[in-house]
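Sequences are here, hints too, so could you generate the full structure?
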Amino acid sequence: MRAVLALVALLIAAPAFAFIGPDEVLADPEQEARARAITAELRCVVCQGQALDESNAPIARDLRMIVREQVVAGASDAEVFAFLTDRYGEFVLYRPPFTLANAPLWLAGPALLLLGSGIAISFVRGRARAAPSGRKPLSPEEEARLARLLKE
Amino acid sequence: MIVELGHLALILAFAVAIVQMIVPMVGAHKGWVDWMRLAVPAAQIQFVLTLGSFLALTYAFVVSDFSVRLVAANSHSAKPMIYKVTGVWGNHEGSMLLWILILTLFGAMVAVWGRMLPPALKARVLAVQSSIAVAFFAFVIFTSNPFWRIGSPPIDGNDLNPLLQDPGLALHPPFLYLGYVGLSMAFSFAVAALIEGRVDAAWARWVRPWTLLAWINLTIGIALGSFWAYYELGWGGWWFWDPVENVSFMPWLLAAALLHSAIVVEKRDTLKSWTILLAILAFSFSLMGAFVVRSGIITSVHAFANDPERGVFLLWIMAFFTGGSLALYAWRAPMLKSTTVFSTVSRESGLVLNNVLLVVATAVVFVGTMWPLFVEVATGRLVSVGPPFFDAAFTPFMIVLAMALPIFSILPWKRGDLGRAARPYWGIAALSVVLGALVWALQTGGSMFAPIGVTLAAWVVVGALADVATRVKLLRAPLSESWRRTVNLPRADWGKTLGHAGVGVTIFGIAALTAWETDDIRVLQVGETFTKGPYELRLDAIDNVRGPNWIAEVATITFSRDGRERGQLFPEKRFYPVQQFPTTQAAIHRSLTRDLYVTLGDPQASGGYAVRTYIKPFSNWIWIGALIMAAGGAVSLTDRRFRVGAPARRRSEPPAAPMPAE
Chain R
650 MRAVLALVAL
660 LIAAPAFAFI
670 GPDEVLADPE
680 QEARARAITA
690 ELRCVVCQGQ
700 ALDESNAPIA
710 RDLRMIVREQ
720 VVAGASDAEV
730 FAFLTDRYGE
740 FVLYRPPFTL
750 ANAPLWLAGP
760 ALLLLGSGIA
770 ISFVRGRARA
780 APSGRKPLSP
790 EEEARLARLL
800 KE
Chain E
38 MIVELGHLAL
48 ILAFAVAIVQ
58 MIVPMVGAHK
68 GWVDWMRLAV
78 PAAQIQFVLT
88 LGSFLALTYA
98 FVVSDFSVRL
108 VAANSHSAKP
118 MIYKVTGVWG
128 NHEGSMLLWI
138 LILTLFGAMV
148 AVWGRMLPPA
158 LKARVLAVQS
168 SIAVAFFAFV
178 IFTSNPFWRI
188 GSPPIDGNDL
198 NPLLQDPGLA
208 LHPPFLYLGY
218 VGLSMAFSFA
228 VAALIEGRVD
238 AAWARWVRPW
248 TLLAWINLTI
258 GIALGSFWAY
268 YELGWGGWWF
278 WDPVENVSFM
288 PWLLAAALLH
298 SAIVVEKRDT
308 LKSWTILLAI
318 LAFSFSLMGA
328 FVVRSGIITS
338 VHAFANDPER
348 GVFLLWIMAF
358 FTGGSLALYA
368 WRAPMLKSTT
378 VFSTVSRESG
388 LVLNNVLLVV
398 ATAVVFVGTM
408 WPLFVEVATG
418 RLVSVGPPFF
428 DAAFTPFMIV
438 LAMALPIFSI
448 LPWKRGDLGR
458 AARPYWGIAA
468 LSVVLGALVW
478 ALQTGGSMFA
488 PIGVTLAAWV
498 VVGALADVAT
508 RVKLLRAPLS
518 ESWRRTVNLP
528 RADWGKTLGH
538 AGVGVTIFGI
548 AALTAWETDD
558 IRVLQVGETF
568 TKGPYELRLD
578 AIDNVRGPNW
588 IAEVATITFS
598 RDGRERGQLF
608 PEKRFYPVQQ
618 FPTTQAAIHR
628 SLTRDLYVTL
638 GDPQASGGYA
648 VRTYIKPFSN
658 WIWIGALIMA
668 AGGAVSLTDR
678 RFRVGAPARR
688 RSEPPAAPMP
698 AE
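So the sequences go chain by chain: R and E. For what it's worth, this note's numbering labels the leading residue of the first sequence as 650, then goes sequentially. For what it's worth, this note's numbering labels the leading residue of the second sequence as 38, then goes sequentially.
Now the stretches of chain E that chain R is said to cover, found in silico as 3 or more residues with beta-carbon under 8 Å:
#, region
1, 373 to 380
2, 639 to 653
Non-contacting residues of chain R with respect to chain E, defined by C-beta distances greater than 10 Å in every case (computed):
#, residue
3, 676
4, 677
5, 707
6, 708
7, 711
8, 715
9, 718
10, 722
11, 724
12, 725
13, 726
14, 727
15, 789
16, 792
17, 796
Simulated restraints, written as ranges between beta carbons of each label pair:
#, chain 1, residue 1, chain 2, residue 2, range
18, E, 571, R, 768, 51 to 57 Å
19, R, 790, E, 415, 54 to 60 Å
20, E, 42, R, 708, 49 to 55 Å
21, E, 414, R, 764, 20 to 26 Å
22, E, 38, R, 753, 56 to 62 Å
23, E, 464, R, 763, 31 to 37 Å
24, R, 728, E, 429, 18 to 24 Å
25, E, 38, R, 708, 50 to 56 Å
26, E, 518, R, 678, 56 to 62 Å
27, E, 381, R, 728, 50 to 56 Å
28, E, 474, R, 763, 28 to 34 Å
29, R, 763, E, 149, 45 to 51 Å
30, E, 571, R, 695, 35 to 41 Å
Keep in mind the hints are simulated off the structure, nothing from the lab. For glycine and all other residues, C-beta sits at the position ideal for the given N, C-alpha and C.
Below you can see the structure in the form of structure tokens.
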């Protein structure tokens with residue numbers, strides 16, 4: 650009975666987390682490392698928020714194989730990404746390329762840092778220059794009176 | 038019957054919440070003491086009723102009452118008892134009830150322990166807190182009622198998502214909610230202060246422990262979630278920049294900023310309006326988290342039922358509280374002026390820097406999380422934003438934060454001298470760089486990630502410890518003097534040291550794991566041996582095992598080092614027949630220096646099984662660091678200035694030693 654149940658279990662493919670199959674791994678460790686660096690940038694295009702490397706969907710496996718074939722064929726990283734985006738669109742990339750359309754995404758951090766620093770610096774300098782509490786700067790009349798008093 | 042009583046208790050709690058929202062607020066406005074006082078018993082009754090309601094639902098799960106729709110949909114009679122209990126919050130309706138339970142718990146805690154609060158402030162805080170509860174009671178009762186019965190109950194239930202059938206479910210959501218919902222307290226204090234138009238050092242002192250309590254729980258909750266994902270999802274990832282993780286991380290970052298800015302309000306009576314804004318934002322991001330997880334607007338492994346009707350209701354709640362409080366802020370905040378003076382180089386400006394970095398980093402996470410949604414709505418284009426983006430865009434802020442932390446956290450208040458403050462730290466900086474260089478030399482090439490991480494971690498940890506060493510005059514004064522100073526050092530300072538050191542420990546864990554992790558994928562026949570790093574692993578057997586509500590294939594793998602057996606690992610592939618769902622149970626041999634992590638894959642056509650083996654160096658330091666941070670928060674929370682009634686007790690104490698007469 651157990652064996653039957655286990656067999657049933659194996660026949661059913663569910664959208665579970667899986668790992669790169671042993672038959673997918675390239676023999677050359679350097680090429681494999683390059684392929685992994687590329688697939689780490691890719692998502693599974695049919696799964697809900699799953700990375701390519703963790704999906705056992707057939708298409709995820711196909712994409713991993715395509716990347717490896719291209720790496721073995723000597724394609725550059727840029728060529729592999731171009732090949733994939735031509736077919737699956739920008740959606741496949743986890744790191745949107747720096748284009749005009751994606752500029753707000755990439756520039757939000759630096760721009761807000763500049764803005765935040767600007768506000769913070771003006772606040773801190775304002776505090777540093779502010780008159781100590783309870784003492785206001787002298788008005789022109791007071792200045793004039795002070796000058797008169799000092800002359801006397 | 039018990040289920041109906043729970044339903045009734047929920048509706049009564051809703052009614053009490055409505056009264057508590059209105060009466061004390063009017064009383065505070067008119068100065069009617071009796072109306073204000075009503076808030077205290079009301080908050081307690083509200084909590085007790087909600088607790089009763091929650092226990093009734095738990096009872097339905099425990100006895101597997103499948104006539105309750107929620108139980109039938111999310112439980113099963115064969116499920117182990119612990120998952121029957123934790124399954125109460127393993128679904129949308131039940132987790133919402135837990136949310137409210139914690140919301141009313143915080144209200145009751147303020148009612149009971151807030152004796153020192155001025156009556157009007159206390160009344161307003163509890164009224165605002167209750168208004169949040171009213172919104173969520175309405176949400177649960179009208180759109181997500183957990184007590185609905187079904188006419189013809191099924192013989193057995195649908196079972197719980199197997200990924201959630203783990204002890205992690207017992208701890209992760211309650212801690213996370215204590216954190217999320219705990220931030221409502223800071224929010225209620227902020228709104229009450231805006232209504233009152235007064236923010237002073239005393240206000241900051243009252244609000245800080247509640248923020249600290251929320252932050253501690255959020256830290257533990259996020260760390261537990263990360264720890265759980267690490268072993269449950271079968272490949273040892275610990276952070277995925279998944280939208281739902283991000284919406285828990287953003288309130289954490291903002292709460293950390295709020296903790297720091299509240300210190301400035303307390304000690305220096307400035308940054309008041311900014312602190313109020315942070316308190317509002319921190320809770321608004323918590324509400325956004327609830328909305329994102331439950332509306333289905335962003336798909337994620339965490340998402341609960343994707344129901345547009347609920348999503349719209351939550352969107353209204355979020356819009357009302359965020360929009361309302363921000364409008365109130367725009368109207369009242371200009372009244373909060375401060376005349377405090379401090380120099381450009383001072384602890385105050387250091388804390389401002391901390392706030393700028395944490396808040397901008399939060400904004401980066403926010404933009405990255407929302408970008409795909411925004412682009413799709415605006416242009417119809419589909420884009421993804423994932424870990425590579427966040428690693429590139431978020432990490433720089435944390436690097437700058439870690440670089441600045443040790444020096445800026447020891448600058449004196451009001452006016453400091455950067456050169457003088459940094460002088461004792463040159464040695465530590467040199468030591469950190471040397472350690473980083475040593476790592477770089479040892480790892481024979483590779484990325485700069487580990488050397489930079491080790492340098493920063495050493496700098497932050499040693500810097501934090503050096504602060505204490507300086508304060509107690511270690512080696513500069515007789516040991517007895519140092520000991521006396523150590524004992525007398527305020528708890529808040531110990532908390533600060535621990536919290537900052539924890540940041541360093543986590544940085545080290547992240548850097549080491551990211552840089553040095555290695556893996557191995559292969560087909561293994563039973564009896565076969567292979568080598569991974571310094572270890573020899575042998576697949577001894579594959580057995581079929583039957584659990585209470587699952588069946589599994591379990592591998593027995595013996596690992597040895599230098600010819601000596603070190604232990605056995607039992608990675609599993611489980612299958613849950615009711616849910617038709619397979620899960621991977623990784624086997625992990627943990628240690629402080631490395632985890633040996635083995636997962637079992639599919640059987641191969643050629644015979645044998647796929648096996649993936651990882652060596653994950655120093656991974657546990659990530660969560661140990663988080664626990665140290667949380668411990669720092671807990672120690673700080675016990676500081677006497679936060680203890681209820683501490684000032685009063687101090688006043689009544691007789692002077693300990695007679696002062697020399699002048």
